Amino acid sequence: MTGPQEKAAGNGFVRDTWINLKRWVLKTTRNPFVMTVSLLNPIIFLVLFTEVFGQITGGAISQSLGTEASYVTYLVPAIVVQTSLIAATTSGIGLVEDIESGMFEKVLVSPMHRGAVFLGKSLSEVLRIVVQTSIILVLGYVLLYVDTGASVGEYVATGWLGAVGIVAVGIVFSVWFTAFSNVMALLTRDQESTIIAVNLLQFPLLFLSSAFLPLDILPGWVQTVAAVNPITYGVDAARALMFGRDVMTVVEVTSFGGMWDTLVPALGVLAALDLALGAVAVYFLNRASSSSVQ
Amino acid sequence: MNAIDARHVELTYADGTEAVRDVSLEIPEGEFFGFLGANGAGKTTTIKVLVTLLQPTSGSVAVNGHDVEAEPRAVRESIGYMAQETSIDGELTARENVRFACEAYGVSADDRAERIDDLLELVDLADVADKQAKDFSGGMKKRLDVATALVHEPPIVFLDEPTTGLDPKARNRLWEYFERINERGTTVFLTTQYLEEADHLCDRLSVIRDGEIVASGAPDELKARVGGAVLDIEFADADDATLERAREVAEDAAVFDDAEVEVTDDGLSVRSASARRNGTDLLVALNAAGFAVTGFNVRDPTLDDVFLAITGDGLDDEAAAEVAE
Numbered sequence: 002m003t004g005p006q007e008k009a010a011g012n013g014f015v016r017d018t019w020i021n022l023k024r025w026v027l028k029t030t031r032n033p034f035v036m037t038v039s040l041l042n043p044i045i046f047l048v049l050f051t052e053v054f055g056q057i058t059g060g061a062i063s064q065s066l067g068t069e070a071s072y073v074t075y076l077v078p079a080i081v082v083q084t085s086l087i088a089a090t091t092s093g094i095g096l097v098e099d100i101e102s103g104m105f106e107k108v109l110v111s112p113m114h115r116g117a118v119f120l121g122k123s124l125s126e127v128l129r130i131v132v133q134t135s136i137i138l139v140l141g142y143v144l145l146y147v148d149t150g151a152s153v154g155e156y157v158a159t160g161w162l163g164a165v166g167i168v169a170v171g172i173v174f175s176v177w178f179t180a181f182s183n184v185m186a187l188l189t190r191d192q193e194s195t196i197i198a199v200n201l202l203q204f205p206l207l208f209l210s211s212a213f214l215p216l217d218i219l220p221g222w223v224q225t226v227a228a229v230n231p232i233t234y235g236v237d238a239a240r241a242l243m244f245g246r247d248v249m250t251v252v253e254v255t256s257f258g259g260m261w262d263t264l265v266p267a268l269g270v271l272a273a274l275d276l277a278l279g280a281v282a283v284y285f286l287n288r289a290s291s292s293s294v295q
Numbered sequence: 028m029n030a031i032d033a034r035h036v037e038l039t040y041a042d043g044t045e046a047v048r049d050v051s052l053e054i055p056e057g058e059f060f061g062f063l064g065a066n067g068a069g070k071t072t073t074i075k076v077l078v079t080l081l082q083p084t085s086g087s088v089a090v091n092g093h094d095v096e097a098e099p100r101a102v103r104e105s106i107g108y109m110a111q112e113t114s115i116d117g118e119l120t121a122r123e124n125v126r127f128a129c130e131a132y133g134v135s136a137d138d139r140a141e142r143i144d145d146l147l148e149l150v151d152l153a154d155v156a157d158k159q160a161k162d163f164s165g166g167m168k169k170r171l172d173v174a175t176a177l178v179h180e181p182p183i184v185f186l187d188e189p190t191t192g193l194d195p196k197a198r199n200r201l202w203e204y205f206e207r208i209n210e211r212g213t214t215v216f217l218t219t220q221y222l223e224e225a226d227h228l229c230d231r232l233s234v235i236r237d238g239e240i241v242a243s244g245a246p247d248e249l250k251a252r253v254g255g256a257v258l259d260i261e262f263a264d265a266d267d268a269t270l271e272r273a274r275e276v277a278e279d280a281a282v283f284d285d286a287e288v289e290v291t292d293d294g295l296s297v298r299s300a301s302a303r304r305n306g307t308d309l310l311v312a313l314n315a316a317g318f319a320v321t322g323f324n325v326r327d328p329t330l331d332d333v334f335l336a337i338t339g340d341g342l343d344d345e346a347a348a349e350v351a352e
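Listed in order, the protein sequences are those of chains A and B. Counting from 2, one number per residue, gives the positions in the first sequence under the numbering used here. Counting from 28, one number per residue, gives the positions in the second sequence under the numbering used here.
Looking at chain A on its own, in the form it has when it is part of the complex (with noise of 0.2 angstroms):
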């Protein structure tokens, strides 16, 4: 071994964020099981909520949508961006993980683009969300082909290209909530009490939307909460991709045409919230690396 050299050489941001990139890449592949746990939430519903509750929404549905479609057509939008939820929940629990081993302070000290660490983590997640959703995607056909022997034409009327659509709606969808847990693992400092408080919020998120059934059919005050709820959007989005036409009933657009007058304020909703809460977690972010003391 050599003696001690004058300085290390820094690397340029794109490598660096690829650095960060691999270790939490390996970090997951570490831990198949969480990967694995994390997706059953999702499956459960899926399953579960077709072959219970598929029977007796059909008329809903199609009365909502002016078309005959399978509950499971009709669901996994929503399962779909229920697993992006999941997913963005744990990114602030790596977070959190990452504080408590040191790690977080041991990158700081490193020469490495504080910019490049964050990216390269959220990468990770984005790989995350693109292989589980795809899952769900799969999972989704597999009911349906069992179930009525449709086509993939039938089951995401968009295509493949819809089906790439979707799960780029889950990576839109997941930006506000993964700066939303990066927050409260930066306010907690504690695994537990950002896993309560993300959790916390899952269930009456996704049930006071559209995730599950039209919202015509439901309560006032469910369709008032769900105006402002940004799992509807994600959801319309994700669904009129599946669908290939406009279904969103909490705004009425008309100057796009057809699934574009979903699209466009669905996914302008979503860009306006992940750019805030973005903002918001970055403010966190710089704060704490300036002052990584407890």
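In short, the hints are calculated from the structure, not lab data. Careful: at least some of the hints might be erroneous.
[Claimed, not checked] With a straight-line cut-off of 20 angstroms between C-alpha atoms, the simulated PhoX-like cross-links for lysine-lysine are:
hint, chain 1, residue 1, chain 2, residue 2
1, A, Lys28, B, Lys158
2, A, Lys28, B, Lys161
3, B, Lys168, B, Lys196
4, B, Lys168, B, Lys158
5, A, Lys23, B, Lys196
6, B, Lys196, A, Lys28
Predicted, not measured: the structure shown is a model, and the values here were computed from it.
Please arrange chain B on chain A, whose structure you already have, making use of the hints.
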């Protein structure tokens, strides 16, 4: 150029706590420097300022010639830092932990494999290199942490209480690594609350108390400052009342005019310039006063005595007891 040049550093936390009041340090390259103080004296806060984790409220710090506030990235590239709490990723293997550190510090791909093997060898973890770090013992984790702080062969390493909470065997092993690192020419900045550790390892040390440096020098210089020798006396009957009376006798005995007498667990500790020459006279006087002396020993002052002399109280009884075991 000094490895570390800190001038009148102050750090006040947002809640008003003045953790560091006035710390100036000049540490030449290649020195093994010790920063000694009790819990809460300001050691960790000072080290965090030096490694760019905290910005000083006032004062200036240059590490390897780079200002910590103006060029934090240049400082980070040129230092290794081991935090007080062991900082490793338990989900990764030992090798992956070291590899991540190599990549973070931009160690070139050509050198990486060899560097990782060398470091794991250095800290005796080569045989468990591919095991997940979460299953390691505290000492093994600490050693892995040491390895990750050295990946870029930094000219200076900061070690914040590296042996706290380790058993003596694990501690002695770490000491060996630190000495090896220092022998290679690396400047070492070590904080510790163990006097024995500072005495064993450091070329020079500063004692910090309430955020201020109260003494600096080589361990032997500091001990010489105390002067004379220490006479430890044991009594058969060591209850509080007996020891208190013995203390009065020792202080009144006209044997030494400069004696400082402390009550210890089982007897007295008498420090004087003439402890070696006139110690027997005191023993005779105690014997005449009816005390049953069962043991005595004249020794040179330790850093513990230095600490007593400087601060008027022990550094950390618990820590001292741990080291003594």
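*Which of the stated hints cannot be reconciled with the structure, identified by number in ascending sequence?*
Checked against the structure, the hints that fail are numbers 5, 6, while the rest are satisfied.
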